[in-house]
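> Keeping the supplied structure of chain A fixed, place chains B, C and D upon it in accordance with the hints.
Protein chains: 4
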Amino acid sequence: MTKLHIFATGGTIDKVYFDALSEFQVGESPLDAILREANVGFEYELTSLMKKDSLELTDGDRDTIFEAVSACDAAHVLITHGTDTMAQTGERLRAIKDKTIILTGAMQPARLRSTDAIFNVGFAIAAASLQSPGVYIAMNGRVFPAGQVRKDRAAGRFVAASDA
Amino acid sequence: MTKLHIFATGGTIDKVYFDALSEFQVGESPLDAILREANVGFEYELTSLMKKDSLELTDGDRDTIFEAVSACDAAHVLITHGTDTMAQTGERLRAIKDKTIILTGAMQPARLRSTDAIFNVGFAIAAASLQSPGVYIAMNGRVFPAGQVRKDRAAGRFVAASDA
Amino acid sequence: MTKLHIFATGGTIDKVYFDALSEFQVGESPLDAILREANVGFEYELTSLMKKDSLELTDGDRDTIFEAVSACDAAHVLITHGTDTMAQTGERLRAIKDKTIILTGAMQPARLRSTDAIFNVGFAIAAASLQSPGVYIAMNGRVFPAGQVRKDRAAGRFVAASDA
Amino acid sequence: MTKLHIFATGGTIDKVYFDALSEFQVGESPLDAILREANVGFEYELTSLMKKDSLELTDGDRDTIFEAVSACDAAHVLITHGTDTMAQTGERLRAIKDKTIILTGAMQPARLRSTDAIFNVGFAIAAASLQSPGVYIAMNGRVFPAGQVRKDRAAGRFVAASDA
Chain A
273 MTKLHIFATG GTIDKVYFDA LSEFQVGESP LDAILREANV GFEYELTSLM
323 KKDSLELTDG DRDTIFEAVS ACDAAHVLIT HGTDTMAQTG ERLRAIKDKT
373 IILTGAMQPA RLRSTDAIFN VGFAIAAASL QSPGVYIAMN GRVFPAGQVR
423 KDRAAGRFVA ASDA
Chain B
273 MTKLHIFATG GTIDKVYFDA LSEFQVGESP LDAILREANV GFEYELTSLM
323 KKDSLELTDG DRDTIFEAVS ACDAAHVLIT HGTDTMAQTG ERLRAIKDKT
373 IILTGAMQPA RLRSTDAIFN VGFAIAAASL QSPGVYIAMN GRVFPAGQVR
423 KDRAAGRFVA ASDA
Chain C
273 MTKLHIFATG GTIDKVYFDA LSEFQVGESP LDAILREANV GFEYELTSLM
323 KKDSLELTDG DRDTIFEAVS ACDAAHVLIT HGTDTMAQTG ERLRAIKDKT
373 IILTGAMQPA RLRSTDAIFN VGFAIAAASL QSPGVYIAMN GRVFPAGQVR
423 KDRAAGRFVA ASDA
Chain D
273 MTKLHIFATG GTIDKVYFDA LSEFQVGESP LDAILREANV GFEYELTSLM
323 KKDSLELTDG DRDTIFEAVS ACDAAHVLIT HGTDTMAQTG ERLRAIKDKT
373 IILTGAMQPA RLRSTDAIFN VGFAIAAASL QSPGVYIAMN GRVFPAGQVR
423 KDRAAGRFVA ASDA
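Residue numbers (the numbering used here), protein chains in the order written: chain A, 273 to 436; chain B, 273 to 436; chain C, 273 to 436; chain D, 273 to 436.
Bound conformation, chain A alone:
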């Protein structure tokens, strides 16, 4: 992997607690902090596209993501995204054929003491580096091709779309 381009779109992984509002809201991406802590030995660029819960993403937002990913010059792309419509955004990006595009996120904010975010980012970056071109969702220690995955809300994890 010569270079990884990371696009942050918001979602739980980016959430920060705002005392003034008494609620968690999407904040700055923790990706840069996570990658510095891991002392990674590859080149990367981080672009913040939007700061939204994924239920609030519009078709226009997905167009913006599509265009940004298409236009970037990296062959390896990581998109951090809310989990509720991650599968949808994955579908939208399937028309991009010449890049390895991995979507990931977290069920628990990266800033929590106990979180799946850091594991997921490590896992997703290996997938971005090793998978052949295409669009994939990397969650819960598994890689799913876009269009063949869904979030099982009750179980709190992603499963193959074909699973009962």
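Honestly, I wouldn't trust all of these hints.
For identical chains, the list gives no copy identity; a pair is met inside one copy or between any two copies.
[Claimed, not checked] List time: in silico SDA-like cross-link candidates among lysine to any residue, alpha-carbon distance up to 25 angstroms: (1) Lys323 to Gln297; (2) Lys275 to Gly428; (3) Lys371 to Val341; (4) Lys275 to Asp435; (5) Lys275 to Pro417; (6) Lys369 to Val288; (7) Lys275 to Ser342.
Honestly, the hints are just simulated from the structure, not real lab data.
Chains B, C and D alone, transformed into the frame defined by chain A:
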């Protein structure tokens, strides 16, 4: 990946602080806690082979690792290991041809508030799942074939053996 | 301090992230986990009275707190509480004259990697042990008598009511 | 408390993991980071006197601590210290009569994800603020007068010297 077999051998990733000794020593593997926190959706088995700093590993210990990995029925294997002689153990395992074997570890104990361990485990598991059979070292966000990697102590990271 | 009775009422200190709701809500009190981690050497009892943001506390809730604190047999009481109306609840409790009652809470949930909660709990417990009977708010490393304190939202900290 | 002077002397609370040495050693004091995280509302000054395991402290080191504490102009003093000889240093300082001096430390390094350090610092600062002049050890949620306390290594906590 139908099943991942994880072998813990010790190293910094497993270190725990013992007040009675006023020092950090190798403790129980944190892998199970990390995988539960990540709520992973694949089957795994965790075997503790030894609890040693990797500078203390003997040829006999490497024979033990070789035999345990050869004998296990999983096609995907993750070995957690101290970083100082990880490259050596990787070389020793190259004769095993039919499994995807990934060695990983950490520069900072997994139990620290700031650590590379959780990222590395996530990254290494994706590599274990996606790489073709062979022996690899997954550290610092990169995958190196065994025999082509060294630890650059001054930089605190792994680099290709060919790098200056 | 022969015994400390802790009453949890909710607030930011208790917040947990619920993926299903995409928001933080008041969860179980982290006090027991914090006290076990600190390996404290005094006797304590923890009672959960309610699980509310403090802006949602009613006069009836404050009556409940008043009665529970009055009725308990401990001379030292710690109340964990949301910060927005902590000063009000402190005022309500001033009629209890024979106990040392300390209110504390946090601006950032205890479950965050970076939080003021654990410091505040340690600080408040020393105050509960050492102050003469009365009602106090212990926040930001200071102890304020009830009725003489307010939350400065802009600064994100508690200050003496007399401060500009 | 108009001002708190903090003296760091080393000990477990300050320990950092050094990969190059494969061991934990005393590093920079985490006190400043802990107090910023707690957003404390009092004035403080932090002086690093030495960076030693407390078993390595000499009579000369204790003289240095004695002189630094005596000479400082704050009426409230916090000393962070290794736990093994904290009681001894407390005894040495008893001749200072006009300040409230609290010694604290930790059984687990502050930089661990699970540690008693942050609770202890919060607790000790309240004790420094509220106790009458004298020398005290604040550990495990209790305040002990110097000369009346010992570390129970087997139990991993401080107890009154008179306890069996």
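> Confirm or reject each hint.
Verification of the hints:
no.: 1; hint: Lys323 to Gln297; verdict: both (9 angstroms within a copy, 21 angstroms between copies)
no.: 2; hint: Lys275 to Gly428; verdict: between (32 angstroms within a copy, 21 angstroms between copies)
no.: 3; hint: Lys371 to Val341; verdict: within (9 angstroms within a copy, 35 angstroms between copies)
no.: 4; hint: Lys275 to Asp435; verdict: between (35 angstroms within a copy, 18 angstroms between copies)
no.: 5; hint: Lys275 to Pro417; verdict: both (22 angstroms within a copy, 19 angstroms between copies)
no.: 6; hint: Lys369 to Val288; verdict: neither (34 angstroms within a copy, 40 angstroms between copies)
no.: 7; hint: Lys275 to Ser342; verdict: within (15 angstroms within a copy, 35 angstroms between copies)
When each numbered hint is compared with the structure, a violation occurs for hint 6 only.
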